[in-house]
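J.: The hints should help you fit chains F, Y, Z and U with the ligands onto chain R, whose structure is shown.
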Amino acid sequence: MEVNLKHLNLTYPGQQPLFQNLTCTLADGELVALVGPSGSGKTTLLNVLAGILTPDAGQVVFDGTDVTRATLQRRNIGMVFQDYALYPHLSVLDNIAFPLKMAHVKKRLRYQRARQLAELVAITPQLAKYPAQLSGGQQQRVALARALIKQPAVLLLDEPLSNLDANLRVALRTMIRRIQRQTHVTTVFVTHDQNDALQIADRIIVLNHGKIQQMATTTELYQRPQNQFVAQFIGQPRINLIPMTAVRPYFAVQLAPTLLANAVTVGIRPEALESATTTATTLAQLPVRLVAQWSVGKEQLTTVQFAQTTLISTAVPATTQPLTTTLAVRANGCYFFDAEGNRLEMGVPHA
Amino acid sequence: MEVNLKHLNLTYPGQQPLFQNLTCTLADGELVALVGPSGSGKTTLLNVLAGILTPDAGQVVFDGTDVTRATLQRRNIGMVFQDYALYPHLSVLDNIAFPLKMAHVKKRLRYQRARQLAELVAITPQLAKYPAQLSGGQQQRVALARALIKQPAVLLLDEPLSNLDANLRVALRTMIRRIQRQTHVTTVFVTHDQNDALQIADRIIVLNHGKIQQMATTTELYQRPQNQFVAQFIGQPRINLIPMTAVRPYFAVQLAPTLLANAVTVGIRPEALESATTTATTLAQLPVRLVAQWSVGKEQLTTVQFAQTTLISTAVPATTQPLTTTLAVRANGCYFFDAEGNRLEMGVPHA
Amino acid sequence: MLNSRPTVRSTLKALLYIAPLLVISLAFTFWPLLEAFAMGFYRHYNFYLNQIGSLSLANFQFLWHDAAFQLALRNTLIFIIGVVPVSIGLALLLALSLHHARHFAKLLQTIYFLPLVTSSVAIAIVWRWLFSAEHGGLNGWLAIINRTPVDWLNDPRYSLLALIIVCIWHSLGLNIILLLASLQQIDRRYYLAAQLDGANSWQQFTNVTWPLLTPMILLVSINAVIVNLKVFDQVYALFNGSAGPANADLTLMYYLYQKFYVEDQPTIAAACGIVLFGITVGLTLGTLWVLRRHHYPQRGWSPS
Amino acid sequence: GCGQQRTSQSTRVTVTFWHGMTGHNKTVLQGLVQDFNRSQSTYRVVANGQGTFSNLQQKIMTAAKSKTLPTIAQTSYTNVPNYVKGGLIAPFNTDLSAKELAGIQPAFLKAGQYQGKQYALPFSKSVRIMYYNQRLLKQLNLKVPTTWKAVQHVGQVAQQHGLTGLALDRAYLGELNDLAHAAGQPLVTTNLKVNAAAPQTVDAVQPLAHMLKTGTAKTAGADNYGNVRFLKGRTVLYCGSSAALGLIQASAPKNFQWGTTQTPSYQGQRANCVAGNDLVRFKTGTKAQRQGGAAFIKYLLQNRQTIRWATQTGYLPVTTAAATTASYQRYLKKHPKFKAAASELKTSYTDPAFLGYSQYLTALQTTADDLAVKHVAAATTLNKLQQTTETIIKTNQN
Amino acid sequence: MLLPFIWMVWASVQTPTYTATLTTPFSDWHWQNYLTAWQAAPFGRYYLNSIIVALATTTGQLVTSILAAFAFTHLRFYGRRILFNALLVTMMVPGELLLIPNFKTLSALHWVDHYAALIIPWTASVFMMFTLHQAFAAQPRTTYYAARLDGASDWQYLWRLLVPMNRTVITAVGILQLISTWNAFMWPLIMTNTDRLRTLPLGLLTFSSDIGTNYPLLMASTVLVIAPLIIIYLFVQKNLILGISQVKWHEKSH
Ligand SMILES: Nc1ncnc2c1ncn2[C@@H]1O[C@H](COP(=O)(O)OP(=O)(O)OP(=O)(O)O)[C@@H](O)[C@H]1O
Ligand SMILES: Nc1ncnc2c1ncn2[C@@H]1O[C@H](COP(=O)(O)OP(=O)(O)OP(=O)(O)O)[C@@H](O)[C@H]1O
Ligand SMILES: [Mg+2]
Ligand SMILES: [Mg+2]
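Residue numbers (this note's numbering), protein chains in the order written: chain R, -12 to 338; chain F, -12 to 338; chain Y, 5 to 308; chain Z, 905 to 1302; chain U, 393 to 646.
Only chain R is shown next, with the shape it has when bound in the complex (with noise of 0.2 Å):
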């Protein structure tokens, strides 16, 4: 199914704007992440998809057909809601049953196809309790088996995993993208976790604000974001942004007239601040004083300071090296931006 979402406007009563002209394409079997801050609209978005919300102006066209006045069952949409709305009075196994009963689907076939996505969503011992009974993460399992059970035309996931802890998060969303990959189901996926969403997605929007800040498969956006915001969400950790005005000196290479005259900000990825080792890649060189270095896991951090900024860095190996030294900005990695945020391409560097 593809959908179609076109200038959707839509204000919640007494609040200001949030979507306003809001226009994209989901293609045919796609599974697209939505990534954006809290409060962006994700859920928002979902809704409209859903038909629980009808924009205030806009078409949502599933095949080219308009259904944006269309009822909800119409629509064969799988949902999990953020807050899982399980039916409290049904048990595990009815609540995953239940849209193949409203299928008319036979008792036993339903129980078995039941039984089947509980296994899939390790449910399977829990069968038999109620949504009271359950811890969080358990629930947002059944909303997950609910969700799949009847093959929609559209799966929407708000945040189907976010309870749950890493390795199940993995396993899970595994097997998301195996199933959609099967039926072909377009999917949307709400999601924070960035890993869910670069992991899987073949497409990531990014909101923010309401707006779509840029929409692009998982190695675009980090590798050629549009603009400074998506640079700054997507990355963990964070990029580093320094005013080009502090960094303007230190450049090994020549950059073009128009990006010197435009850029106003700079942003250098943690990963592409490397201990001091001059390559045909190597954009600048910062002088920077360590201020501390730890690890998480399998993960070297290294905070330092250069000018007035603390910068980030991941690719300084444990060190006991003297205090100041020079660090290498990788080409691959930085990026410059104008006033408004929007990036600016660098053009071929010259060394």
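Treat the hints with caution; some may be incorrect.
Calculated cross-link-like contacts (lysine-lysine; reagent style BS3-like; alpha-carbon spacing at most 30 Å) [claimed, not checked]:
id: 1; chain 1: U; residue 1: Lys630; chain 2: F; residue 2: Lys116
id: 2; chain 1: Z; residue 1: Lys1014; chain 2: Z; residue 2: Lys1187
id: 3; chain 1: Y; residue 1: Lys110; chain 2: F; residue 2: Lys116
id: 4; chain 1: Z; residue 1: Lys1053; chain 2: Z; residue 2: Lys1243
id: 5; chain 1: Z; residue 1: Lys1243; chain 2: Z; residue 2: Lys1158
id: 6; chain 1: U; residue 1: Lys496; chain 2: Z; residue 2: Lys969
id: 7; chain 1: Z; residue 1: Lys1243; chain 2: Z; residue 2: Lys1136
id: 8; chain 1: Y; residue 1: Lys110; chain 2: U; residue 2: Lys630
id: 9; chain 1: Z; residue 1: Lys1238; chain 2: Z; residue 2: Lys1042
id: 10; chain 1: Z; residue 1: Lys989; chain 2: U; residue 2: Lys496
id: 11; chain 1: F; residue 1: Lys198; chain 2: R; residue 2: Lys116
id: 12; chain 1: F; residue 1: Lys116; chain 2: F; residue 2: Lys93
id: 13; chain 1: Z; residue 1: Lys1097; chain 2: Z; residue 2: Lys1021
id: 14; chain 1: Z; residue 1: Lys989; chain 2: Z; residue 2: Lys969
id: 15; chain 1: U; residue 1: Lys496; chain 2: Z; residue 2: Lys971
id: 16; chain 1: Z; residue 1: Lys1202; chain 2: Z; residue 2: Lys1241
id: 17; chain 1: Y; residue 1: Lys17; chain 2: F; residue 2: Lys88
id: 18; chain 1: Z; residue 1: Lys1187; chain 2: Z; residue 2: Lys1003
id: 19; chain 1: U; residue 1: Lys630; chain 2: F; residue 2: Lys94
id: 20; chain 1: U; residue 1: Lys496; chain 2: Z; residue 2: Lys930
id: 21; chain 1: Z; residue 1: Lys1187; chain 2: U; residue 2: Lys496
id: 22; chain 1: Z; residue 1: Lys1298; chain 2: Z; residue 2: Lys1014
id: 23; chain 1: U; residue 1: Lys496; chain 2: Z; residue 2: Lys1191
id: 24; chain 1: R; residue 1: Lys198; chain 2: F; residue 2: Lys116
id: 25; chain 1: U; residue 1: Lys630; chain 2: F; residue 2: Lys88
id: 26; chain 1: Z; residue 1: Lys1202; chain 2: Z; residue 2: Lys930
id: 27; chain 1: Z; residue 1: Lys1202; chain 2: Z; residue 2: Lys1014
id: 28; chain 1: Z; residue 1: Lys1250; chain 2: Z; residue 2: Lys930
id: 29; chain 1: Z; residue 1: Lys971; chain 2: Z; residue 2: Lys1021
Looking from chain Y toward chain Z, a few residues come up when the C-beta cut is under 7 Å (computed) [stated by the list, open to error]:
id: 30; residue: Leu53
id: 31; residue: Arg132
id: 32; residue: Phe243
Quick caveat, the hints were computed from the structure, so don't treat them as lab data. What you are looking at is a predicted structure, and each value in this text was computed from that prediction instead of being measured. Note that CB positions come from ideal geometry on N, CA and C, so glycine has one too.
T.: Just chains F, Y, Z and U with the ligands, lined up with the frame of chain R:
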């Protein structure tokens, strides 16, 4: 406030026993992260601490006083519930200020404090709204502010950041840590995000099936997991587990006889599986076949096939090299587990 | 808390909360109840001098053989069967439509509310007029569908039906208000989820509304059973101080009233009260049993 | 001024009086009470309306149980046996002289006697009379009927014209009783013999039963009183209480021409059952209060008050003297419709009061319903009545 | 639904003739019926009494029921079920039987002819308690715990959180009980002897007697009696609908 849990037993009606003889101590002013798979009993443990659940046996001791049967108000606890439990008929401001209202703090003063906290959790624009008008993450932040406002003796946070985007999460956990340091409040922090746990916790409790698997500092937990479960639970991507029998022939060093006798499984962290460069710290050289390589954000992931097992490594650089190669197992990041899953001390390896 | 066991302390505390209700109930319901029920076993009782001849079951034997009592019992049961299901079904239907009404919801609500405040005397008069053979509004409609007019209130074959109609109409407002209030409390998310899961309106009703409304339906049903078993005012008002044509609308409560206040037979009335009470308890338990079979652990508190 | 009055009031003996009068009648009664209080300074009567008569009955019952009865109350003499059994009421014999008692209409007086003592004195009394629709009678070319035969005839003629002959109250017990009385077989005699199943009784009831069966006579049913039907103007006759005169006058449409007459006779005999209420005096309270109660009743029995009561409410004058006064006669002249009731006094009688009377009334109503609603044969239902009544009387005697 | 109500208002401005026979055509609007009715009895006094009694009774009922429903739903104690069921059973008692024993009690307490007799025995409503019980039982537990942890005592939680959160149901039962108190007839009649304490429904007695009823005046006074209830209802009606603050999902349109 020092918190002791002594020999707790707890069984949900009609279920298997959850806690059996659970004992642990939280030092005064400590921030403890509580991690564990979904359904392992984290929320339950918090509820016992808060007094919401009374253990079937055992004691909860606060600073030497047995509070097992003390009422909730008397414990002076701040808590963020997994489902927030905001008061639906109160505005955000009033929700946050509620604990102070109960403490008969003057209106002006409590609203002032509430506004300060709202600022800290970045919810200020939403102060006049009601919980039903908030996004998931906004609700969570309100709950957090409410828990923090009254400067409790013990702070219990049940996945307080699960619905927040990475940046906000980092900001808030830092904020929590700062406040916790300032007020010296003993804190238990349930989280599924290992970064949260690893970054800010003084110590981490790993819970599984209602049993404490290990309680240790961040580094110790990662570097010296007590058992296979902990090793597997902590670390992203997951540790590679290989049957001892499969690896045995490839060891480059001589292992202690007891180790050889008891070890059943070998665990190798992804970052300890490096492109073969024999150094003193290399334990073994594994012949593998490259399966796939891809990058996620700044991470380079490689899966290789070794005997029957698929291994994952983050220490193999992007390569177009031959499909079969040898990978080195770094000692620091390689563990041996016996049949029960307990980690065996390696002793000093002999080259 | 959640799983804490009752203690002496907690019991004392709870009793403090219940005390106001309990004390008043004890003083003005339990105690007089004992006194009134005891009377059912008195024989040769001088009501004013409070002289008790002896204790016996004679009053119950009298009831057993009394044709009027048998009639009252039969009428009451027919009446209950006629009123309770219909009035609750109808109330549910109307409450649902009011709940979903987007336009005039307030106005409609008010319309259903008005019968509640209208005094039963006024209602009875109006219904008497509606039922009246010559100009009755009801007969007007019967005429439209080509039926012979019916003398609703004076024909023993129809007068019980007339009473049933009036009582259904009268009880609607109360049931609607309670059900509506309860419908409001159902989280809308469940409906949204159900719609997404493909449930049509009927399925939403059976799978979401009904189960989540069960506590209130239970309450409304029990209340309806209790109130209607005790129906008296409406009979008295509708038939102007009689029990309908040839006692066709004689209910147990009317019988009790008649025996007590008109015929100076308080002991018989008390015995009738005991029987009525027994029937009420029985029917209530039955209702509870039917509606409470599906009990699920709630996020809230375990209901008793 | 004010202060003085208060002292005089506080020294007065308060006599409480519960009555069942409402509306206009209540106002008239309050006036009488006020005048009594002004007429002397020993007693102060406080009259309180307690709703309708059935409400009042309930109140008395309740108050009796907790010994908070008023000094005097309005009630039906038929309750006397019951109250005596409960030890509630005190007779008037000591307070009213034989002469004073003798002045009361005999039928009324006799009603209040029980076990040889005068427990009740008449107050708001009425009889059954017959109302007729003048225009319809004229239209049907009929005279005002004076016998049941004539009434039956009116019924037949009226039916042919699509009209109803006779309207009755739902509780047309008076008419039934009157018929039995006229046939010389009171349903229950003074010495508690039951004659319901007597052949003469059955015969006497027959014409009425027949009219009810054929629909030439109709009872009021849920309307309770036949005057509703009568006022609609499609009914020729209505047998009802004289107490309704005022109400009918007030409710009758402007162009409605109607008159009243005595109830029809049966085989030349006429009997007229007295209805209405009496006054009783309770044992509660002080002696002075009881005396005050008696004093008030005596006051009411004086000509002036009796006539005032009768003329302003439409009830019958309870003393023979009052009935014959010129002023009352003047009143009757001016209001000819009230004449019928007054003339009934000669043929009026009262049912004996006995323990279980109210149960008997229920049984009698069943008979009335049997005839009017179920159209049961007169003999059958009267037989049943006979048995029931006998049982009632028997069980209440031991 | 509305027909009887409309007819009531309609009849209140007719002549007795009209209402007695229903045959004469409509003549005129007799608005003076209202004045006549008002003057026929001390309605001012009745109003005052009705207002005092109804408000006091309803308030009392709400307080006792809220307290008890809270205890039954939120507290654990011995005999909870038994006590609850016992109270439930009192709903099933035919009230007419209790009138006389209660009168005895009240007159022993010297409450007869005092407001106390009209108010206090009615300040316990098991029906209301039962209704609130059902509503309170459906409240999410965590809100209670959160409040307790926030330092609220049971008492504070009850009045500051539980009651406002159940505003809808409380208003609903409140108004239902208010109506039944307002229209109560037998009890105030039996428990009072004089007009000083009587309530509005007793005022309606003025227009009916043993021989018939003055319908227009009765209807006019009935309208006068129930008017305050309608006004109160219109005032609280907004409370019968959940406020935006509590609706978890309110669709924008559709
Ligand atoms: N009321 C209850 N009745 C029965 N079982 C329960 C109840 N509450 C929790 N459980 C069970 O107890 C176990 C522990 O639950 P708990 O909520 O403590 O898990 P958790 O560690 O918080 O999980 P999560 O990370 O998913 O929130 C789960 O298996 C759950 O199903
Ligand atoms: N019913 C409502 N009334 C008013 N404002 C609302 C309502 N629902 C949401 N909002 C506001 O709209 C904005 C977007 O909300 P939405 O729930 O879509 O955010 P989100 O992206 O899902 O956030 P989160 O990640 O925290 O769940 C938020 O600022 C929120 O406060
Ligand atoms: Mg959201
Ligand atoms: Mg949990």
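J.: Now tell me, hint by hint, if it's right for this structure.
T.: Outcome of the hint check:
1. U:Lys630 <-> F:Lys116: With Cα atoms ~20 Å apart, Lys630 of chain U and Lys116 of chain F stay inside 30 Å; holds.
2. Z:Lys1014 <-> Z:Lys1187: 21 Å, holds
3. Y:Lys110 <-> F:Lys116: 26 Å, holds
4. Z:Lys1053 <-> Z:Lys1243: Between Lys1053 of chain Z and Lys1243 of chain Z the Cα gap is close to 23 Å, so the pair holds against 30 Å.
5. Z:Lys1243 <-> Z:Lys1158: Holds, at roughly 22 Å.
6. U:Lys496 <-> Z:Lys969: Holds. Lys496 of chain U to Lys969 of chain Z sits at ~7 Å (cutoff 30 Å).
7. Z:Lys1243 <-> Z:Lys1136: 24 Å, holds
8. Y:Lys110 <-> U:Lys630: 9 Å, holds
9. Z:Lys1238 <-> Z:Lys1042: Holds, because 24 Å separates the two Cα atoms, which is no more than 30 Å.
10. Z:Lys989 <-> U:Lys496: 20 Å, holds
11. F:Lys198 <-> R:Lys116: At roughly 22 Å apart (the allowed maximum being 30 Å), Lys116 of chain R and Lys198 of chain F satisfy the hint.
12. F:Lys116 <-> F:Lys93: With Cα atoms ~22 Å apart, Lys116 of chain F and Lys93 of chain F stay inside 30 Å; holds.
13. Z:Lys1097 <-> Z:Lys1021: With Cα atoms ~21 Å apart, Lys1097 of chain Z and Lys1021 of chain Z stay inside 30 Å; holds.
14. Z:Lys989 <-> Z:Lys969: Between Lys989 of chain Z and Lys969 of chain Z the Cα gap is close to 13 Å, so the pair holds against 30 Å.
15. U:Lys496 <-> Z:Lys971: Given pair Lys496 of chain U, Lys971 of chain Z holds - Cα atoms ~9 Å apart, limit 30 Å.
16. Z:Lys1202 <-> Z:Lys1241: 29 Å, holds
17. Y:Lys17 <-> F:Lys88: 24 Å, holds
18. Z:Lys1187 <-> Z:Lys1003: Distance of about 24 Å is within 30 Å: holds.
19. U:Lys630 <-> F:Lys94: Holds. Lys630 of chain U to Lys94 of chain F sits at ~28 Å (cutoff 30 Å).
20. U:Lys496 <-> Z:Lys930: 29 Å, holds
21. Z:Lys1187 <-> U:Lys496: 18 Å, holds
22. Z:Lys1298 <-> Z:Lys1014: 23 Å, holds
23. U:Lys496 <-> Z:Lys1191: Holds. Lys496 of chain U to Lys1191 of chain Z sits at ~24 Å (cutoff 30 Å).
24. R:Lys198 <-> F:Lys116: 22 Å, holds
25. U:Lys630 <-> F:Lys88: 27 Å, holds
26. Z:Lys1202 <-> Z:Lys930: Satisfied, since the Cα-Cα distance of roughly 19 Å is no more than 30 Å.
27. Z:Lys1202 <-> Z:Lys1014: Roughly 17 Å separates the two Cα atoms, so the pair holds.
28. Z:Lys1250 <-> Z:Lys930: 28 Å, holds
29. Z:Lys971 <-> Z:Lys1021: 23 Å, holds
30. Leu53: 6 Å, holds
31. Arg132: 6 Å, holds
32. Phe243: 5 Å, holds
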